[in-house]
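Undergrad: So the chains spell out like this:
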Amino acid sequence: MTDKIIIKIENLAKTYKIGDFKVRALRGVDLQINEGEFVAVMGPSGSGKSTLMNMIGCLDIPDSGKYFIESIDVSKLNDNQLAEIRNKKVGFVFQTFNLLARLSTFQNVELPTIYTRIKIKNKNKRIHEYIESVGLKNKEKNKPSELSGGERQRVAIARALINNPTIILADEPTGNLDSRTGEEIMAIFQKLNREGKTIILVTHELEIALHTNKIIYLRDGLIIKEEIIENPSSAEEILLKMPNLEDRISAAN
Amino acid sequence: MRTFSENIKIAFQSLFLNKLRSVLTMLGIIIGVGAVVAVMSIGAGAQDSVIKSIQGIGSNLVIIMPGDSQRDMGPMNQFSSSGKESLKLQDIEAIQKYAKHIEGVMPLILSAAPVVYMNKGSNVSIYATSESAVSVYNFEIDTGKFFSKSDVGNSANVAVLGKTIREKLFGTDDPVGKSIKIMGKNFKVIGTIKSKGTNTFGQDQDNTIAIPITTAMNKLYGQNYLNLIMAKTGTEKEMAIASEEITRILKKQHGIKADEKNDFSIQSQTEILNTLSAVTNIFTIAISSIAAISLLVGGIGIMNIMLVSVTERTREIGIRKAIGAKNKDILTQFLTESVVLSLTGGLMGIVFAYIISILLNKYSPISTSISISSILLAISFSTFVGLFFGIYPAMSAAKLNPIEALRHE
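So the protein lines, in turn, are chains A and B. Everything in the first sequence is counted per the working numbering, starting at 35 for the first residue and increasing by one. Everything in the second sequence is counted per the working numbering, starting at 814 for the first residue and increasing by one.
Derived by calculation from the structure, the hints in this document are not laboratory data.
Derived DSS-like pairs: lysine-lysine, alpha-carbon spacing no greater than 25 Å straight-line:
hint, chain 1, residue 1, chain 2, residue 2
1, B, Lys1212, A, Lys110
2, A, Lys56, B, Lys1212
3, B, Lys976, B, Lys962
4, B, Lys822, A, Lys175
All chains should be modelled from the sequences, with the hints used to inform the complete structure.
TA: Here you go:
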């Protein structure tokens, strides 16, 4: 973690209209995230964590307050500029993976580069490297339907990394995975964080949140607590202690 | 930025994903383009045969018809019988005597009649004309000879046979010297003429018999007027002068004053050609327009399917936008798909029309000719349909909110 401020949020507010009802999803959130932090955002449903993620990810702009990503004032940007920021500075990892079913692993990871205006040197080489770094070297030509849940999420992570974004935003990345696979994914995140990547993760599972350095608690559109985690759980260690599926089955018999 | 060719590749992938759906969607365009191009090729073929057949008669022709030129149009007029009796044999003599810029002039009465030889019979077109027909009308003698000036003077019962009727009545034998019956009267065959082919109006020009005009007027029809006068000039330039000369001569013959309306009309071959050409053109455009309606329907089909496609792929659009696709990237992607759809349909329609026109050319009397311009027109129309009917679905795709789109099923 460095002193460089990556994300600065001041008094952020956002209200949604659902039918005739107005929902004040965020009521004035202040937040600062430095480079290299690994932050978890927790809260019950309706706390506003999805909205906060959408703001941070530049999928939407706030009604009031300020959001700076690397000193860029997001509230002043138009749709096209937001899209550019999403392309270059944000890497999304979703709970439901959100890969394009008709594309292969390679093509899925390649996708963000297609929308990048500037030409990327040695693009293909880089794609191969990222796919290898998440351990899917032999699955480059497979379509998502031919991959397991864990493998799909790895493809999503490689896709999120391909344009070397400033932040990785993960929305319940282990939600659709079993506990072992979930730990494997957390291991990847922790490795990325050790390499200097800033990662923000939304989860409702405390066990997962304890893998991070800081947990931010949201309730009713406001941050109620920020907790520093002195000794985050190490996914690698947990994996070593975790019995294999085969062992578990034979133990049950 | 996604390149043009990448967009095309993605569009084709979408097309192939559901082949049946794509084909059904394209069907409207295929039929529309196919029909329009086929009709245009028939029209062009008709245009070509108009030109060919009139040039086949003989170039540099001036055609004089009885009656007011305002109402009449082309050689079709000769079949109407509303008292158009202003042209007489004496007119031919006068023109021959006084017109200086013509090479030859011939009278013509054209009708149909039954002809019999032994036990064989048929209906033929009878060209009642003078000996000048050889030069003016380009009748080329095959065997025997054409009738002479004296034959005309004597109202001789002589006949010259065209190829079709000759083969029909005599097979491979030479009919010269034989006797046939036309409208029950005996005629001696003195010659045969070479093939002239089928003219614009579907008439087999070889299913004809030429007889002296005087014989027809006096012995067969009992009429003293002509249907048509044709005069041939040396060069095209002389046609205007020749027309003027003939007009003056005929006015004098018929006793018409300078300011009175003529009881005849005079047209050059070019003018007739242009009129027929224009008529064919109008027919072609009219029928093509009707065929183009199926293009419209095809376009609506494309718009429909694209809208369905956008709805089906809402999630995908959300993902692309989240990853950095701009509104115009999504717009371009879907617009390319609809253009690829319509253009592919258009190309298939052109192939379809091509096959039809080859078949028509080979197995029917209708002649066709596909031109480059009609193909280009079809291609640009297909592209336009794809753009026009694809823009609305593409725009609704582009405007999708990424957050909502991602939540979609």
